[in-house]
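Asker: Taken in sequence, the protein lines are chains F and L.
Those letters in the first sequence? Residues 1 to 562, by our numbering.
Those letters in the second sequence? Residues 1 to 216, by our numbering.
The set of hints was computed from the structure by calculation and includes no laboratory data.
Keep in mind the model is a prediction, meaning the values are calculated, not measured.
Possibly wrong hints are sitting among the right ones.
[Unchecked claim] Cβ-to-Cβ under 7 Å is the rule here; a few derived chain F residues that face chain L:
id: 1; residue: Arg385
id: 2; residue: Ala396
id: 3; residue: Gln398
id: 4; residue: Met405
id: 5; residue: Ala408
id: 6; residue: Arg430
id: 7; residue: Leu433
id: 8; residue: Leu436
id: 9; residue: Glu450
id: 10; residue: Val454
id: 11; residue: Glu455
id: 12; residue: Glu462
Ideal Cβ positions, reconstructed from N, Cα and C, are used throughout, including at glycine.
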Amino acid sequence: MSRSALARWAVDATSVCAAVGVLLVVGPRPFGDPPVGPGTTASLVLTWATVASALIVVAIATYARRPPRATGAGGVALALVIAGLASVDTSPVIRVAAVAAGAAFVLAVANFVGVVLETRSHAAFVIVGAASIVAVAARVTVRDPFRDLWCAPYCRDNPLLVAARPDWAVAADRLLAAVALGWCVLAVVQVARSRLSVWSRSSAALGVAAVAIGSLIALTEPGRTTWSDPSAWVPGSVPATLIPALLLAAHPHLQAWRTRVQARTLSAALADALQPDGVAERLQRAVNDPSIRLLFLTASGTYLGPDGEPAERDSRQAATTVDLDGEAIVLIEHRPRSHGQLAAALTPAVTVAVENERLRVLASAELAELRASRRRIVERADAARRRLERDLHDGAQQRLLLLGMDLARAAESADDDQRERYRAAIHHTRDALAELRDLVHDQIPPVLDELGLVEAIRSFAETSPIPLLVDVEPSSLHRPPAAVERAIYRLARSMMDDGKSAGASKVWIRLTEKDGQFTAILKHDAAHTIDPTDDEDRVGAAGGRLLITIGPDGVEYVASFP
Amino acid sequence: MKVIVIDDMVLVREGIVRILRDHGIDVAAAAGSAEPVHELVAEHDPDVVILDIRMPPTFTDEGLRAAAEVRARRPHTAVLVLSQYLDAAYALQLLREAPERVGYLLKDRIMELSTLTDALRRLGEGETVIDPTIVTRVLGRRRESDSLARLTTRELEVLGLVAEGLSNRAIATRLGVNERTVESHTTQVFQKIGLEPSTDIHRRVLAVLTYLRVNN
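Construct the complete structure from the given sequences, taking the supplied hints into account.
Answerer: The structure is reproduced here in C-alpha cells:
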C-alpha cells in the first residue's frame with residue numbers, strides 16, 4: 001500500500017471514529033447538561049443537528065482527498081470529540097465513546113505526522129495540528145473531574161490523569177478552544193477555496209463558523225452552560241437551518257468522489273484486460289464458462305491460439321465472432337448455453353480489449369516467426385558449409401592424397417633427374433592439400449563441433465595474424481549449445497578480421513559462464529571499420545543479444561546468451 | 001614390424017598398405033572402420049595400429065577414441081593417428097587420453113615415406129610422435145608477452161624437438177651433439193619457461209604443447 005493510500009485510510013478511519021465518538025458523547029449529553037428537565041428533547045435535536053453539520057464539513061474536506069484538508073477535517077472532528085470528553089459521566093455507553101474518541105485522537109496524531117512529512121509547507125496546518133496535540137494531551141493528563149465542583153456529583157474518574165492541576169486544566173481548555181477555532185478558520189478557508197457555487201460556499205462557511213462558535217462557548221465555560229442561557233442555543237439552531245444548504249454544498253463533491261471510484265474500478269478492469277490472456281479469463285469469470293477460448297483470425301484465414309501458436313477450431317463448441325468493419329477477427333468458443341450471457345458481456349469496452357488482445361497475439365506470433373526464420377537461415381547456411389567441408393574431405397582431399405602417394409612411389413623407382421620432377425609435383429600436391437585444408441577450416445572448423453568453443457578459439461589463436469588473448473572463466477566452462485558456439489566463434493573471426501584491417505595490436509576474448517548464461521566479450525584496440533550487421537544476425541539467430549561499443553580506442557562486443 | 005591399417009577411404013587405405021609393404025613392413029590386416037579394431041589387434045598382436053582420425057559412424061574423431069581404447073587395453077601396442085586436422089587440440093586430446101606410445105601425424109605424410117617409416121620406428125621404440133607442422137604452428141604463434149623470446153635459437157630448436165616427442169638421445173643424434181649437452185639445454189629451457197623438467201617423453205610433450213598453446 002502506498003503512503004498516500006495509507007494516509008487516506010487513516011483520514012477515513014479518523015473521521016469514522018470521530019463521528020461515532022461525537023455522536024455517543026455529545027449527542028445525549030450536550031456540553032455536560034444533565035439530561036433532565038424542560039427543553040431536553042429540543043436540546044437533543046439541536047445538538048445532533050450541530051454534530052451532523054460538523055460531520056458534513058468533515059466529509060467535504062475528507063473527500064477532497066488532499067492531506068492538509070483531510071487533516072483539517074480530522075481536526076474539526078477532534079475538537080468535537082474533546083467537547084464530548086468534557087462531559088464524561090459514568091454511563092457504560094460513555095466509556096465506549098471515550099475509547100472511540102481516544103482511538104480517533106491517536107489516528108489524528110498519526111495523520112498529522114503523515115501530513116507534516118508529506119507536505120512540509122502548510123505552516124498553518126502544522127501549527128494548529130501541533131497545538132491540538134499539545135492541548136489534548138495536556139487536558140487529559142491534568143484535569144481531575146473531582147476538583148471541579150460542577151462535575152463532581154456525576155463525573156467518573158479520569159483514568160489518564162497524571163497530576164491534578166485545575167489551573168493547567170483551565171489553560172488547556174482555553175487552548176483547545178483556540179485550536180477548535182483555528183481548525184474552523186482553516187476549514188472555512190478550504191471551503192471558500194473549493195469550487196462550490198458562491199451560495200454553497202457562503203452557507204458552508206456559515207455552518208463551520210456556527211460550529212466554531214459553539215465549540216468556543218462550550219470549551220471556555222465547560223459545564224456552566226444551560227438551556228436557560230441563549231448562548232447554548234446558538235451553536236445548534238444556526239446549523240440546523242443550514243443543513244440542507246450544506247448537503248447541497250457537499251453534493252458535487254460526493255458526486256465527484258463517486259466518479260473517481262468508478263474510474264478507478266474501470267482502470268483496474270482495463271489493467272486486468274492488458275494481462276496476457278486476461279481477456280479470456282475475464283470472460284470466463286463473467287459468463288461462468290471455463291471452456292471459453294479465444295481464437296484469433298489471421299489474414300490468411302487460419303486461427304491462432306492465445307499463445308500465438310496455430311490452433312484448430314473445436315467443432316463441439318459453439319462460437320461467437322467479434323467483428324471489425326463487418327469482418328470477423330476473433331472467434332470466441334463457448335458452451336452453447338452461454339450464448340446469451342456472453343453476448344451481454346461483450347460490451348464495447350470488452351470488445352476493444354478483445355481486439356487489442358488479437359493485435360498483441362498477431363504481433364507476437366509474427367515476431368516468433370521472424371526469429372525462427374532468422375535461425376533457420378543461419379542453420380541452413382551452416383549445414384551447407386558443413387556439407388561442403390565433408391564433400392571436400394571425402395572427395396578432393398582423398399584424391400590429392402592418392403595422387404601424392406602415387407607420385408611418391410613413382411619417385412622411388414625413378415632415376416635422379418625424374419625424381420626431382422616428382423618431388424616438385426609432390427610439393428605442389430602438398431600445397432594444394434594445405435590450401436584445401438585452410439579453405440575447409442575457414443567454413444566451420446571441425447574442432448569447433450568436436451572439441452568445443454574454447455579449443456576452437458585456442459586453435460584459431462595458433463594462426464591468428466595478431467595476438468589473440470583468450471580468457472575463460474570458469475576454466476571448467478561447460479560447452480554452450482552448438483548455435484551459441486558457432487555464433488561466438490564467428491564473432492571471434494570477425495573481430496580478428498576487423499582488428500587486422502584496422503591495425504589493432506591485439507584482440508581479446510573473454511568467455512564467461514554464470515548460472516547457465518554464456519557471455520563473450522570481444523574487443524580490439526584500433527579505430528573501428530566493422531559492420532556489425534552480420535554479427536548481430538548471428539547472435540540473434542542463436543537467441544542472444546549483442547551490445548556493441550565503438551569508440552576511438554577500439555571496438556567491443558558483448559554477446560550474451562541466456 | 002607388424003602393423004594394422006584402419007581407414008574408411010578404400011583407395012587411401014590400399015595405398016597406405018602398398019607403400020608400407022613396399023618398405024618391408026608387415027601389414028597384418030586392414031579395415032574400413034574402428035569397430036573391429038580390438039578383434040584385429042587381439043588376433044594379430046601388431047606393434048603399431050595406424051588409424052584415420054575421421055571414420056564412421058559420425059566422421060568426427062572416432063580415431064582418437066579407438067586409439068585411446070587400444071592403448072588402454074594393450075600397453076605394448078602403439079597407435080599412430082593420421083589426421084587432416086592441423087589443430088594442436090586434437091593432438092593434445094590424444095596425448096591426454098592415450099598415455100605413451102602414441103603418434104599424431106598429418107595425413108599428408110603418407111606422401112613422405114621416410115617420415116612415415118621413421119614415425120613407426122620411433123613408436124616401436126617407445127617414443128611419442130607429434131607432427132612437426134603442428135609443433136611449428138604452436139611455436140610460431142603470435143603472443144602478447146613472448147616468454148619464448150628469452151630462449152636462444154638452439155634452445156628453441158631443442159624445445160621444438162621435445163614437443164615432437166623425441167627423446168634426449170634422439171635429439172642429440174638429430175643435432176649431432178652429445179646427450180649431456182641436450183640434457184643441459186632441456187633443463188635450461190624448462191627453467192626459462194617455468195615448467196617442471198622431466199625425462200618422461202610423454203609427459204613432457206603434453207606439458208610443452210599445453211604451455212605453447214594456452215599461455216598468452
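Asker: Could you run down the list of hints and mark each one as holding or not?
Answerer: Cross-check of the supplied hints:
1. Arg385: 15 Å, violated
2. Ala396: 11 Å, violated
3. Gln398: 5 Å, holds
4. Met405: 4 Å, holds
5. Ala408: With a closest approach of 5 Å, the F/Ala408 hint holds.
6. Arg430: 5 Å, holds
7. Leu433: Hint on F/Leu433: holds, closest Cβ of chain L at ~6 Å, below 7 Å.
8. Leu436: 9 Å, violated
9. Glu450: 5 Å, holds
10. Val454: For F/Val454, the interface hint is violated, since the closest Cβ of chain L sits about 9 Å away, which is over 7 Å.
11. Glu455: Holds: closest Cβ of chain L sits about 4 Å from F/Glu455, inside 7 Å.
12. Glu462: Holds: closest Cβ of chain L sits about 5 Å from F/Glu462, inside 7 Å.
Of the numbered hints stated above, those contradicted by the structure are hints 1, 2, 8, 10, listed in ascending order.
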